[in-house]
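The chain contents come next:
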Amino acid sequence: MVYARTLGSTTYTFQVSGRLWRNSLIMVDRETGTFWSQVTGRAIDGKHRGAQLEKVEAIETTWEQWRQAHPDTKLLKKSEEVLGSHYQSYFDDPEKMGLFRAQWLAERMPGKTLVYGASVGPHAVAVTDGALDDSLVLASLGETPVVMSRARDGGVRAFVARVDGNEIGIQLDAETGEVTDASGSTWDLSSGLCISGPRSGSRLESVAVTPVYWFAWSGFYPNTQVIDRADR
Amino acid sequence: MKRLIGFAVLVGLLVSTPGEAGRPEPKVVATIGGEDVYQLLPVGAIPAIDDPKFVSGKKADRQMRAEEPVLGVVIGGEARAYSLWQLDAHEIVNDEIDGTAIAATW
Chain W
1 MVYARTLGST TYTFQVSGRL WRNSLIMVDR ETGTFWSQVT GRAIDGKHRG
51 AQLEKVEAIE TTWEQWRQAH PDTKLLKKSE EVLGSHYQSY FDDPEKMGLF
101 RAQWLAERMP GKTLVYGASV GPHAVAVTDG ALDDSLVLAS LGETPVVMSR
151 ARDGGVRAFV ARVDGNEIGI QLDAETGEVT DASGSTWDLS SGLCISGPRS
201 GSRLESVAVT PVYWFAWSGF YPNTQVIDRA DR
Chain L
233 MKRLIGFAVL VGLLVSTPGE AGRPEPKVVA TIGGEDVYQL LPVGAIPAID
283 DPKFVSGKKA DRQMRAEEPV LGVVIGGEAR AYSLWQLDAH EIVNDEIDGT
333 AIAATW
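Going line by line, the protein sequences match chains W and L.
Going by our numbering, the first residue of the first sequence is number 1, and it counts up by one from there.
Going by our numbering, the first residue of the second sequence is number 233, and it counts up by one from there.
No lab work stands behind these hints: they were computed from the structure.
Check before you lean on any hint, since a few could be wrong.
As the list claims (entries may be wrong) - Think about it this way: if two alpha-carbon atoms lie no more than 27 Å apart in a straight line, the pair counts; the simulated DSS-like pairs of lysine-lysine are:
1. Lys291/L <-> Lys78/W
2. Lys55/W <-> Lys78/W
3. Lys55/W <-> Lys112/W
4. Lys77/W <-> Lys291/L
5. Lys291/L <-> Lys74/W
This one's a predicted model, so the numbers in the text were calculated from it and none came from an experiment.
Between the sequences and the hints, there should be enough to build the whole structure, so can you do that?
Here it is, written out as structure tokens:
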């Protein structure tokens with residue numbers, strides 16, 4: 001998750017608070033000591049309680065795929081060699097996780113299932129990896145139509161499937177692999193840009209995607225929709 | 233593709249290596265929205281990066297494995313990648329890209 005760390009005229013510097021809430025990291029800013037949820041970007045305690053950090057679009061992928069898509073990329077310099085994750089045993093063990101809020105969430109799918117979460121206001125959706133295989137996923141988050149897919153660089157992106165207030169009827173042509181809409185326009189869902197047709201040059205508004213374990217996502221959004229391979 | 237795991241790894245500390253010497257028991261320090269807040273470590277025990285340095289090109293390739301997971305961001309045409317293996321030890325990078333101050337978190 002990446003957040004803009006300026007609110008109003010103040011730029012905040014975040015530290016790791018060492019605290020955990022709803023199975024996830026709490027950040028604390030040096031300037032005011034306010035506690036912020038890493039999953040939502042919302043201030044949960046302290047001076048700025050209720051304030052919301054703006055999400056910045058970011059993806060998780062492999063170095064190889066990122067480097068191909070962005071040859072000029074800069075890389076955070078390593079001061080020492082890092083050959084793997086400290087937490088590999090945690091990642092690999094399906095039993096190691098936090099607690100579920102409710103039994104029915106635990107029963108929906110295994111807690112360590114990786115889902116791609118997106119939210120608009122109080123509405124949320126969790127999409128599994130399998131649902132994104134060679135496909136795009138459409139979800140209604142309240143009144144907002146959202147389309148999610150795997151981009152060229154290996155990351156997962158989501159956009160509001162609406163232009164000038166109108167839902168565009170986006171779909172994947174299984175034969176050509178092109179993404180088209182009801183007007184006959186063709187879209188690139190790596191960038192959100194319309195690349196040909198009547199809407200050529202239009203850009204869809206992006207929605208932040210959070211790759212996260214199911215047990216954590218469902219803790220924040222117990223009423224989340226779930227889209228799995230079987231549901232799409 | 234290797235499956236990537238996008239999740240703050242502090243939970244890993246809560247549930248990993250039980251009984252490891254010197255690791256304090258998690259303590260409930262507050263309750264927010266009816267749910268307990270646990271203090272696992274002192275503030276800053278996992279040090280965020282406040283003064284990030286960057287490399288690119290072949291120098292970057294030499295520091296990375298092809299399959300190494302990264303968090304990638306593009307702002308104003310400038311692309312930056314953060315190794316998630318490296319972020320395990322820091323969890324937060326306070327950075328600035330093209331004039332926008334951001335926190336890359338893991």
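Next pair to validate is Lys291/L with Lys78/W; report whether the Cα-Cα distance is within 27 Å. Cα-Cα ~11 Å, so holds.
Below or equal to 27 Å on CA atoms is what counts here, so check Lys55/W against Lys78/W. holds, 25 Å
Pair hint outcome, Lys291/L versus Lys74/W [Cα-Cα no greater than 27 Å]: holds, 10 Å
Holds or violated: Lys77/W to Lys291/L, with C-alpha atoms at most 27 Å apart: The given pair, whose Cα atoms are some 9 Å apart, holds under the 27 Å limit.
Hinted pair Lys55/W and Lys112/W, Cα distance within 27 Å: holds, 24 Å
Comparing the model with each earlier hint shows no violations; every hint is respected.
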